[in-house]
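There are 2 protein chains.
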Amino acid sequence: MPGENDKKDCVIGVDFGGTKILAGVFDAKFECIGRARVSTKADRGTEEVIGRIARCVREAVEECDLDLKQIKTIGIGAPGAVDSESGKVIFAPNLGWNDVPLKKELEKLLERPVFLENDCNVCTLGVYEVELKAKPREVVGIFLGTGIGGGLILEGKLYSGFNRTAGEIGHMVLEVSGPKCGCGNKGCFEALASRTAIFRKIKEAVKEGQKTLLTEMLGPELEDLRSGDLRKAIKRGDKFVEHIVEEAAEYTGIAVSNLINILNPEVVVIGGGLMEQLEDEMLAIIVETAMDYAMPGTTKGIEIIATRLGDDAGITGGAVLARKHTE
Amino acid sequence: MPGENDKKDCVIGVDFGGTKILAGVFDAKFECIGRARVSTKADRGTEEVIGRIARCVREAVEECDLDLKQIKTIGIGAPGAVDSESGKVIFAPNLGWNDVPLKKELEKLLERPVFLENDCNVCTLGVYEVELKAKPREVVGIFLGTGIGGGLILEGKLYSGFNRTAGEIGHMVLEVSGPKCGCGNKGCFEALASRTAIFRKIKEAVKEGQKTLLTEMLGPELEDLRSGDLRKAIKRGDKFVEHIVEEAAEYTGIAVSNLINILNPEVVVIGGGLMEQLEDEMLAIIVETAMDYAMPGTTKGIEIIATRLGDDAGITGGAVLARKHTE
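Sequences listed follow chains R and X, in order.
Residues in the first sequence are numbered consecutively from 0, following numbering that gives the first Met the number 0.
Residues in the second sequence are numbered consecutively from 0, following numbering that gives the first Met the number 0.
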């Protein structure tokens, strides 16, 4: 049980995604002392969604017997292009949002200062501040999930570039003649190694008669297929699923080698739902491929690791963002 | 004619390449007041090459009626992996060099302080300090020649990363299943868009019976083929050469879009011998492809330009490096 002392100086981190919203109350040591989760319901429109974020924050506060007034600041990671200075979500295709003043609206509802960043930047910030105790100067964060995003820590600080959109590593082209991506190009990293890409490949092969344990587990249409199902099928000896996941891991390794060649970070940290479920199946292949592809002399001492924060990277990073604004 | 006043406070920049060495004496306004050029003769061994660099420096100094003692510092860009702190060339495959203490040896021969950096970093530094008057905070330099290299200016400073090897953009994989690269991988940017890649494609096609004006100009073996010959053939209506150069420009555009997605620089500046000869044929395609491939919202206000420094980027950057060490 946290003592009363830990309840001073609390901040809230929010992970605002296309399907779910997580909120966590964090004490001064970045321990999570209260949390809540609600679904996003993006189809109900902007106002409803913003209301649900506020509700999620209130529930997390209530869970640890605090009052919202005791919270210093709130940090939010939002999916898409974010202008952190104006506090607007510029463009979030998964939500159907354009130019939404999220900071202002939430501050109206919650009466606390709110700070906004891109979700993958926030996750990278969380991993950097809370997990990487040695404080490497350059870190690349890669998050494998429905899509693929990234965040860059350069010279010890979150790097966002001229239009504040840096870190869009999911749309790095790895295979010009590769499969079509949601962005309209072909062969983006995201079109080759995201959960969406893996599921698409599996479903296409099944349609063409490929046998897999997944159809035994979930039926011929593979309804409600999830990353965890892939892990289960591989553990039960499904060589087809194993091969598809290995391919995604190889593409991820090539993406990592590109980032090492370009940015030469000290640490590459990989997270996201896909990685959380399939670390045992993917990480070793990612590391081996990246080390094989990167230029000689570039990889000495560089670490490629999986984050231990798992699904908490977003709320932790939100709390780090919030904390930065109390200093 | 430079007045005596301009001759105070001079530095020297050296562009040390696999085939030629250029040296330039620069005054306080970064005007080149004396220059020299010698061939590298890498096959004659390390000691001979270092002697030739020293000779080139002395010739440039003599050309502007100065004495070496009047030179404050010397800055050199060397091809390959460079440890700028120890002043060693760690690994330069084009020279066959490993772990050569170039700074120390040159300081012995020239009795002036010498500073060393990777050649593409030096070129980027030169373009940044002398050409980009608006001093954008983030710049990516791309140099297309025999190989492809790059340099990064982030937050207004040369960025080199953990092992000081950042900017190896030539070995960014763009086409996993593409042609083999000198580095051992397949489908690197360099294997798709360097002069070497273009020449290889042309020679392969000619062997298979492709007609081109180049064989009329240079004979069936295309001996002594140079970038300028491509320009001449295109100007005379050679659609085959035009197509090969367009393909290289498209790959370059995709590489630029990857770098915009990852780093979101304000300016991307393209140089190198290939670009100098084929700017009219390549730049518009590079810009169009990059803008088409980059994520929506990432390219607003971003400039993609060709450097005006041409072959002088290296000596100018060397002088900038030298000048930084007089301050």
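Everything labelled a hint here was simulated from the structure, so no lab data went into it.
This structure is a prediction, so every number in the text was calculated from the model and none was measured.
Hints are supplied without guarantee of correctness; some may be wrong.
Note that the list lumps identical chains together, so a pair holds whenever it fits in one copy or between two copies.
[Stated by the list, open to error] DSS-like mimics (lysine-lysine), calculated; alpha carbons at most 27 Å apart, straight line:
| id | residue 1 | residue 2 |
| --- | --- | --- |
| 1 | 299 | 40 |
| 2 | 323 | 6 |
| 3 | 87 | 68 |
| 4 | 68 | 200 |
| 5 | 185 | 200 |
| 6 | 156 | 299 |
| 7 | 156 | 134 |
Hints and how they fare:
no., hint, in the structure
1, 299 with 40, "neither (46 Å within a copy, 31 Å between copies)"
2, 323 with 6, "within (18 Å within a copy, 50 Å between copies)"
3, 87 with 68, "within (24 Å within a copy, 59 Å between copies)"
4, 68 with 200, "neither (49 Å within a copy, 68 Å between copies)"
5, 185 with 200, "both (15 Å within a copy, 23 Å between copies)"
6, 156 with 299, "both (22 Å within a copy, 23 Å between copies)"
7, 156 with 134, "both (10 Å within a copy, 21 Å between copies)"
Checked against the numbered hints given earlier, the structure breaks hints 1 and 4 and satisfies all the rest.
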